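Asks: For any residue, its number in this note's numbering is found by taking its place in the sequence shown, counting from 1, and adding 512.
Hints in this document: simulated from the structure, not taken from any laboratory. Be aware that a few hints might be false.
[To be verified] Mimicking DSSO-like on lysine-lysine, the simulated pairs with C-alpha atoms at most 30 angstroms apart in a straight line are: (1) LYS1466 - LYS1489; (2) LYS643 - LYS704; (3) LYS1706 - LYS1727; (4) LYS1466 - LYS1514; (5) LYS1309 - LYS1027; (6) LYS1514 - LYS1587; (7) LYS1458 - LYS1514; (8) LYS1458 - LYS1489; (9) LYS1514 - LYS1489; (10) LYS1727 - LYS1780.
All of these numbers come straight from a predicted model, not from anything done at the bench.
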Amino acid sequence: GAFAVTSQSLGNVYIAGSPRIVTWEVAGTDQAPISVSNVSITMSTDGGLTYPYSLAETTANDGSHEIVLPDVVTNTGRIRVSALGNIFYAINTQDFSTTLDDIVLTVDQLDYSVCQNDSVTSPIIYETSTKYTDTAVFSSENEPSGLSVSFSPTSATSTNTSVEATFFASSDLAAGTYPVDIVATSPERSQKLTYNIKTFSPDFESLNLSTPDDGATIQRLTATLQWESQSNADDYVLEMATDSSFSEIYLFTNIESNSAVIKGLTGDTTYYWRVSPNNFCGSGTPGATFSFTTPNHKGAVDLPLAISAEGENTVTSVLTVNENLRITDLNVHLAVSHTYPQDLRINLASPAGVSVGLLVNACGGENDIDAVFDDSGAELECSVTVPSVSGVIRPQSGNLSRFNEQSTSGDWTLTVIDQYNLDGGSIDYFALEIETDGEWSNTPPIAFSQVSATPSQSIELTLEGLDPERLPLTYSLVSPPVAGALVGLGFSAEVVGSIDTSGTSRDVVLSTDGKTAYLADGDSGIRIFDLTDGTNPVEISNLDTTTGNARGIALSSDENTLYLANNTAGLQIIDVTNASLPSLLGDYNTTGSSQDVVLSPDGNTAFIADQQSGVDVIDVSDGLSPSSVATLGGSTNVFDIDISPDGRHLYVADQTAGLLVYDVQDITDPFVVTTIETSGYATGIILSNDGSKAYVADYGEGVLVYDLADPASPVNVGNYETGSTSLKLDISDDDETLFVASSDEVITLDVRASAGISELASINLTGTVYSVAADFTGTTLVAAAGNSGVQVISLAKTAYSAGEALPQQVIFENSSGVSDNDSFTFKVSDGELDSNVATVEVSFVAQVKSDGTFTYQEESDGAVTVIGCVSTCPSVIDIPSIFNGAPVTKIANASFADQQTISLTIPNSILEIGDYAFVRNNIESATIGAGVTAIGASAFAYNQLKALSFLGDKPDLSDDSFLTNRLLDYISYCPDKAGWPSPISTGQSSIMPVAACDAVNKNNAALGEVRLAVLSGDASSITVEDLNLVLGLSNVDSSNLDLYQGLIEIGLSLSFDTVRVADLQQIINDANIAKENCSDSVYIIDVSEGIYPDENSWSLQSQSGEELYSGGSPYFGLICLTDDRYRLEMFDTNDANSNDGWDFADFMISNESGDRLFTHSLRENTSGLADVNVGIYPNQAPIIDDGYTTDIEKGQSVSVELVASDADDDPIAFKLSSAPIYGELRGYIYGSGIVGEAFLGGGNGIRGVAASNDGQYAFLADYDNGFKIMDISDP
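All chains should be built: construct the whole structure from the sequences, respecting the hints.
Replies: This is the structure we're talking about:
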């Protein structure tokens, strides 16, 4: 327990100045690491606000100490025990009193239990001031009949007299708790104590269990057990077992209340439970036994897990499954307490590493998540009430069917990522509902064939394969290309040549043809090398610049002039027109230490990276006489520098400041545009040749990539950890490859995708690699390697041979002029089993054609083969029958494999469907065209097919064409086609097709009609035939069609823009039940909701006030009413004290066909009654009051108010019987002419708008200004 004061807890009265014992719970605070040896004790007389009285300045922290109360009178005394040398303390639990004159009755407790026909005794200490000599007599008050109280002694005179009060309960005293007053009375004074005497009977009534209902199946692996409370029970014995005889005990425990929450139950298990009452006097016998069954869940046992409110954090719950079974369907049950679920990303990962995003930053308004994730679930709709995320919903990113065919065995990991500060919570429930198909065993993976084309002599390919269990795959070459070669994206790197220098090689630049290298060689100046033979670099010449220390180097575009950043010697300009005889043209001594140099695109300006002054701008148009133009501040530790291709912006790598961008459009007035701090030390920078990217070598952190779409505001779009010290960079001419000088190695990176940089090669060198330069081919690199001089590196690709392992990304290089078409074969392995052999065919004289959605190739016979999708395939695939005038006759092998398609239509022109063509999609329904004669191996395997239609003769099928489509239970064919009926196998079952031509397309068309009805709000065109065409829809009753139509219009919602058959079936069922049980008329009730729906309630009553139906908002349902008058009562508590127009509810009644008969609106903090009249109800005719007569002149107008009354208080509509002969009558006629309406939201201004039928008037609900009528006859 915690450090706490345990004495003075009864609110007693004490004699001021008397000794008392203070006790406290030490709770280990006297031990390490807290180690508080002593405490102080103080007293408050103002309820704990201040503690002016010291009772013990220091005493051992041993849990008990005798103190003397101060000589003070108070009714609000408190004792505080405080640690000495630390900050914690504790205070007794309630106020006590001190007195100088009163009688004091001191007890240790006031609550006692006693059995019938037994007694209990309470010791009392009688205390009084010594100045009193009166005698107090003890008595009792308020005791019930059957409870007697006696005292020994019966009176007391002197202080500290021990008294015993004995409470005796008779055998007929009912069990219960009785307050009994004990009074000490003298002629001068009195004092009272109130005891709570709880009496028990040894005999118990039979105890009844409440929930869950006997035999119920609960929803989670947590059960809340409840039973009736008994006043004679002090606690209860709960027994749970997994057998009805209670020999297999699961739980045996005492419970103080009449309910218990049992967590960690085993799924798909029946539990038996019973409860017996227990009290001070004995135990009762168990009552009747109930049972309940748990759902088939596997539940996490590490819950609840807290989600911190501090910063971004990630919480994981791991659920371990021991059984090794094959998954055929998986759902996730999840409960999370968290304000603003929008803060969260929630993912589930299988033991195989496959991940599905359950929620992705969804629902920001309300709190908490309590939902089931199911691929067949509805689209998420955020609730304005708690929980914000609820119901059975589909995952937001990916399908749970991705887990199908995997093993259940292993650790399933739920990851909750809270991306924002302040809001916290907990993971409360996480369970998997898994359907399986026997023991899991590995099945062979599948390698996918592919067809591609390119007009060039090289093409990059991604090999594709699939493991049904989602195990990781490796790739290997079976047969290499006939004429070409297959190589990887990476290179093999080799040092082919080197030459030592006398200085320290720091920077290098190459001539355009790559045959000459210019080297900044530290204190030895510059050196020039001939690299015609890279294996034998030859020094052509050198120039000792005498002073300084050569650091950075740049070459003019005409390659005649070299610019050297020579450390303390500043800028030196060297003529290299004759590489054998370089000569110094001019120099400019900067104020600091020059590290690097870059030239403007026109070559007239040099920008010097100077570690002291920042950036020096030097006019070098006259190389003999360079002059200063400007100095750029803001950088004090600059190491490298580069300029945009247009010369407008300068980019600086500064070890301290990071990345700096300067505007140098006016070189006489340059300025810093932005500074971006990097996590390491920026030492190198280079821009892509097109100027769209900047690459920063960030010492110790690798390479950072910045997008320069806005050159003045770089955006970090990628990074790569080199694992060593990155110094300087170079980039290939095509901007696809980056070369990194990194400590003792050169690293070659593929930078085509900034967010996915990958290594192509790396090689370790001797010395410190300060810089690297690549030739125009990007295959020869020259490294300035410090004390190890210059080293020449060759990057080469090696062709793969049969049997060798392949990377997934390969390059197919054709031997030019040898063959226009070539191919190779490969296979995949999951580590245990090998796949089929797949063929990759490439044409090197054409391009893959597409129509924007599908890719295809034209065959020699003029027909077309579909080979895939341009990018991700759509969820609904309807393959065209013609591309560019040519018939589509074939679907290539694996062309649509491993996509997310859910619906498929294959045209009549298709003759052949290739192997694995649609393997591992999520196809639920498909129509196979009349021309299809053959369907390849596993063409539709591992899908979610439920319905399948064949339009032609039965095609030739492989045994596994429809493997593992476990949900497939409906296959149709056209009666006039050959080969039918004959069964089709899914591997697990055999389905006998039925004669129903084009059933899937007809189903889709019927659901499309229902969808349009939902969108338009008009279902009058929906027929019984339409409904009967919907596959899986049952119990359609033609006599209930009107009600079906009304419910479709008002109550059916689309999910993912489609009609779910389950939702449509619910409407059919609800309508059938309502019609069957109603002998009068069925009406549709629809109550909308605002932002605080829990505050709203409504009651539909008879005229006499009898409640017939009631509810809150939102509400949707069917009611049965006779033709009559009714009244509606609505009420809003407005607990939220809102006043913004969003807090509302609209109550609407419609007839069976969906025609709205009545609407009543409720706004915040209001209530009201409204008449609701339905059918042919008793009605009295309204009465028109006397007419109106007036005289007006031509051109004048007069306002007229029409007046009428109705004995039934029905709303009155005025109709014009005859128009004026000469003039005209204008006005707003209440209740007519409204043709449309819209709720426009909260905030100030217009909330609702409607227009008259004739288009003359607009009626506006204006939040600020009330109701408005506007003349819109002239828009």
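Asks: Compare the structure with each hint and give your call.
Replies: Do the hints match the structure? See the list:
For the hint pairing LYS1466 with LYS1489, the CA-to-CA distance comes to about 8 angstroms; that is within 30 angstroms, so the pair holds. Taking the CA atoms of LYS643 and LYS704, the gap is about 21 angstroms. The hint holds against a cut of 30 angstroms. Restraint check for LYS1706 and LYS1727: satisfied, since their Cα atoms lie roughly 25 angstroms apart, inside the 30 angstroms limit. Restraint check for LYS1466 and LYS1514: the C-alpha separation of about 20 angstroms stays at or below 30 angstroms, so the hint holds.
Taking the CA atoms of LYS1309 and LYS1027, the gap is about 21 angstroms. The hint holds against a cut of 30 angstroms. A C-alpha spacing of about 28 angstroms is found between LYS1514 and LYS1587, which places the hinted pair at or below 30 angstroms, so the restraint holds. Between LYS1458 and LYS1514, the direct Cα distance comes to roughly 15 angstroms. Compliance with the 30 angstroms bound is thereby established for this hinted pair. Taken as a hint, the LYS1458 and LYS1489 pair is honoured in the structure, with Cα atoms around 22 angstroms apart against an allowance of 30 angstroms.
Between LYS1514 and LYS1489 the CA atoms are separated by roughly 18 angstroms; this keeps the pair inside 30 angstroms, and the hint holds. Between LYS1727 and LYS1780 the CA atoms are separated by roughly 22 angstroms; this keeps the pair inside 30 angstroms, and the hint holds.
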